[in-house]
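Sequence order for the protein chains is A and B.
Oh and the first sequence: position 178 is 178 in the working numbering, straight run, nothing missing.
Heads up, the working numbering is the position in the second sequence plus 1000, with the first residue counted as 1.
Just so you know, the hints here were simulated from the structure itself, not pulled from any lab data.
These numbers were taken from a predicted model, which means no experiment stands behind them.
Warning: the hint list may mix true and false statements.
Per the computed footprint, the stretches of chain B lying under chain A, defined by three or more beta-carbons under 8 angstroms from a beta-carbon of chain A, are [said to hold, decoys possible]:
| no. | segment |
| --- | --- |
| 1 | 1042-1051 |
| 2 | 1054-1066 |
Which chain A residues stay away from chain B? Per the calculated CB distances, all over 10 angstroms, these [unchecked claim]:
| no. | residue |
| --- | --- |
| 3 | Gly67 |
| 4 | Gln71 |
| 5 | Gln80 |
| 6 | Thr102 |
| 7 | Leu117 |
| 8 | His138 |
| 9 | Gly189 |
| 10 | Gln206 |
| 11 | Arg222 |
Backbone N, C-alpha and C define an ideal beta-carbon position, used for all residues, glycine too.
Single-letter residue listing:
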Amino acid sequence: MSMDTRQALRCISLFAGLSDEVLDRLAHVAVRRLYPPGETIIVEGEPCQAVYFIARGHVRVYRLSPGGRQQVLARMGPGQAFNTVPPFQPQPLNHATVEALTPVTLYAIPGDDFRRLVSECPELALAILRDFAHRLDHLTNLVEDLSLHTVRGRLARFLLEHAEAGQVTRRWTQDEIAAELGTVRDVLGRTLRAFADAGLLRLERQRIVLLDRRALEAEAQR
Amino acid sequence: MQNWALPEINLLLCDRCGLCVAECPASAVEMGAQGPFIARPADCTYCAQCDAICPRGAITCTYEIVWATDD
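This is chain A alone, in the form it adopts within the complex (with noise of 0.2 angstroms):
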């Protein structure tokens, strides 16, 4: 174990409050990894190997249909955790496909240690419960938008939420946006190409230039 494992531990905002002696102990059977942009880290459906602790960089957590649709269930950066679940489960399986989006650097966990140290350590415990408890708020509304609203609907909120912050972060592909609002390309295309049609975007080389927020917002109740 090294202090600079611990230290890059207490960075992990998942574990700002866990004491020292808890830090040592997680520390001593934390493993660092790195990835390059569009690594596979973990596949779905194979053994749990280990849970894994985001340092540096961001990854997209999905599913696979078996005709090759992706649904992302969420995208996580710095502090965040994923793979958590599977060692509490009788057969502990990968819950979805992770695949770094940026370089990345984790910290890995043996699932057998990590469940060891969850019964072990109460504050560890709470730590992880709340992050749970986060976690199944963000599927209980992914959920809701999946079941009770339209791909319009869906499609309108992830463009006023993406086009909110006034600065450009990201490019999308049209791939990308269908696998976030879990649905399929052509769809997509269509719906894009309907909002064009009703004056509510513009469709630009490279931009998807938004234009009447009034009607977007009506939209994203749908």
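Got chain A; can you put chain B on it based on the hints?
Frame of chain A; chain B shown alone:
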């Protein structure tokens, strides 16, 4: 000279199937010795059809999402 934003073609992923050349509505894509390329940039409308049909995911059209500024 106009600085056209064009679809990005990853020749490492491309298997030279030629679908993008055949399906481009503007006939802007041609097959070269190294693989497909946008031979007539001014004709490309950035419709993203090539991105949609490429079986290897080798062509990418990306978009920023922005609010219109008051023109």
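Do the hints match the structure? See the list:
Against chain A, the segment 1042-1051 of chain B contributes 3 residues with a C-beta closer than 8 angstroms to a partner C-beta. That satisfies the three-residue criterion, and the hint holds. Chain A is given as covering the segment 1054-1066 of chain B, and this holds because 8 residues of the stretch bring a CB closer than 8 angstroms to a CB of that chain, at least three being needed. For Gly67/A, the condition that its CB be more than 10 angstroms from all CB atoms of chain B holds, with the nearest at approximately 15 angstroms. Against the 10 angstroms criterion, Gln71/A stays outside the reach of chain B, whose nearest CB is about 18 angstroms from its own CB.
With a least CB separation of 23 angstroms from chain B, Gln80/A remains clear of the 10 angstroms interface cut-off, as annotated. The Cβ of Thr102/A sits about 15 angstroms from the closest Cβ of chain B, beyond the 10 angstroms cut-off, so the non-interface label holds. No beta-carbon of chain B is positioned within 10 angstroms of the beta-carbon of Leu117/A; the least distance is around 40 angstroms. With a closest Cβ-Cβ approach of about 22 angstroms to chain B, His138/A is found to remain outside the 10 angstroms limit, as its non-interface label requires.
Chain B draws Gly189/A into its interface by the beta-carbon criterion, the shortest separation being 7 angstroms against a cut-off of 10 angstroms. Separation of Gln206/A from chain B is inadequate, the least Cβ-Cβ distance of about 4 angstroms not exceeding the 10 angstroms criterion. The Cβ of Arg222/A sits about 19 angstroms from the closest Cβ of chain B, beyond the 10 angstroms cut-off, so the non-interface label holds.
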